[in-house]
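Undergrad: Listed below are the residues making up each chain.
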Amino acid sequence: MKNTSVRYALRGAWRGVAMSPWLHAMALLTVVLCTLLAMSVTLGWRNITEAAEAQHRRAASQPIVVQMTTAGSAAAAELLARDLEGLPEVARIELARADAPVKAQARSLEVYVHADTQPEFAQRLAHYLARRAGVVEPGPLTDASSLDVRAIALGLVVFAALAAWLMIGSVLRLTVFARRGEIRVLEMLGATTRFIRAPHMLLGFLHTLLGALVAASLLQVVLVAFAPDWSLLLTRVNNGVAFAPRFFRPEELAVGIGVTVLFGLWTMRAAVAHARRP
Amino acid sequence: MAMIAFEEVTKTHGIPGSRRPTLDSINLEIEPGEFVLLTGPSGSGKTTLLNLVTALERPDSGSVLIGGRDVHRLTSGSLPFLRRNIGVIHQELYLVPEVSVRENVRWAVEVQGVRHRTVRARTQVSLELLQLADHADSPVGSLSRDVQQRVAIARALAAEPAIVLADEPTSALDGHYAHLVLDLLARLASRGTTIVLASRSPLVSGYVRAGRVLQLQDGTLRPTTRTVIREFDLTGGAGLEARASESA
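From first to last, the protein sequence lines are chains B and H. Heads up: the first sequence is residues 1 to 278, going by the numbering used here. Heads up: the second sequence is residues 1001 to 1248, going by the numbering used here.
Derived from the structure by calculation, the hints contain no laboratory data. Glycine included, C-beta positions come from ideal geometry on N, C-alpha and C. Take these hints with a grain of salt, some might be off.
[What the hints assert, rightly or not] So the derived label-pair ranges between C-beta atoms look like this: (1) Thr1220(H) with His274(B): 34 to 42 Å; (2) Arg1117(H) with Ala270(B): 33 to 41 Å; (3) Ser1018(H) with Arg7(B): 48 to 56 Å; (4) Arg184(B) with Met1001(H): 29 to 37 Å; (5) Ser217(B) with Glu1092(H): 41 to 49 Å; (6) Ser170(B) with Thr1118(H): 35 to 43 Å.
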């Protein structure tokens, strides 16, 4: 880019802010709020997912105890054990001794699963055992509600990201729309596309970068300030398994901010192209 | 090779079903450095003809050539380079009202990608030529229509274009500034700039001793009248005033 183009870009960007300060303040505030919303929901989803995984790891280390009915025969228990042993998720099965002091007439199975087994397996196993004759109840199994919460949280992440992008895109487009007269004049004077775009791209870059940085900082402050409350909430969601929330890793944060900035640049590029249409 | 050439150019306007040709099979050649005065009643197609040269409008048929190249076959990447070499004074002015006079004029030079020093110098010269130095830092929107028209003229001339297309450039100007502008255009023509001036003003028609006068009527160019080219006074307005009183 030539020296005069850079000068025009800097002057043009500054003039844009000076000409409509409220519009640009609104644009920046929108970027901050929307990025804060998207980051909060994403962080919530991340923590819920990690909490559920921690719960699952804990559950996987303990056997699933399948209690047979008193009337159930030892043969039925052994048949069930043989059936379950064929499953790839099952590491081993231990049959409780027939002469055990508690409920001597009943038999029980202890099903040990592999550590890397998906939480959904416990649900599938529960459904299977519920239909199996002679089984009282299996336990403990991964709580289905943690899976539902994860799915809902993921849905919220997608929704929040789309809503944030739509809002940020709309308000950034407004800043270009306010200067469409200037764009038209420059086009008639023979300005190249890059020359016309430059100040708008610069503003889009600054708005999204600054907005995302402010949003990330605010989120970290809130997370630190309310850490005990978050921890309590996540522990409750997590069936009592203690879990301390954590912030984004630096590389995750960099990717998030980078994506926001790229979106800002792409929006400005599209907005200028739209403003140039006759 | 003609600087500007129209080959069988037809352009229609209006809603489908009642379209009528604004320009009907126009053939025209304008040589480099020629001063052409385009006259005709309102709605005769003068502005359309100028818009076709800068590719702001497309012809329905025929070709518009600048330096032998068809303007309407240029790619979107090449069009800016063409437009930088054409200084256009539009009737609507197309200025940005929130921006200062200096900034409006500077853009025309800045888009050429020349050095910053050159941008400043050409902008300043153009402002001084049009006697706009006092208004340089005022927003264009705060100025009267006649000053705005001079800003549009200053912008068109600041880029030192090879072609100047002027659409009613003196419509808002008083006698003094009208003479100043016409004198400037005449000086540019004498130095090799191709000038096409569209006007229905009797002042312009009577004042300008153009190289050629073309009359547009009902979408066609009437037989051209080649007038005697008087020597333009290159020393400034005093000579022009004398000539104006002489012709009166």
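Undergrad: So does Arg184(B) sit 29 to 37 Å from Met1001(H), Cβ to Cβ?
TA: holds, 32 Å
Undergrad: Look at the Cβ atoms of Ser217(B) and Glu1092(H) and judge whether their distance stays inside 41 to 49 Å.
TA: holds, 48 Å
Undergrad: For the pair Thr1220(H) and His274(B), does the Cβ-Cβ distance stay inside 34 to 42 Å?
TA: holds, 39 Å
Undergrad: Falls inside 48 to 56 Å, the C-beta gap from Ser1018(H) to Arg7(B)?
TA: holds, 50 Å
Undergrad: I want to verify a distance hint. Is the separation of the beta carbons of Arg1117(H) and Ala270(B) within 33 to 41 Å?
TA: Since Arg1117(H) and Ala270(B) have Cβ atoms about 36 Å apart, the given range 33 to 41 Å holds.
Undergrad: For the hint 35 to 43 Å, verify it against the beta carbon of Ser170(B) and that of Thr1118(H).
TA: With Cβ atoms ~40 Å apart, the hint holds.
When the structure is compared with the earlier hints, no violation turns up for any of them.
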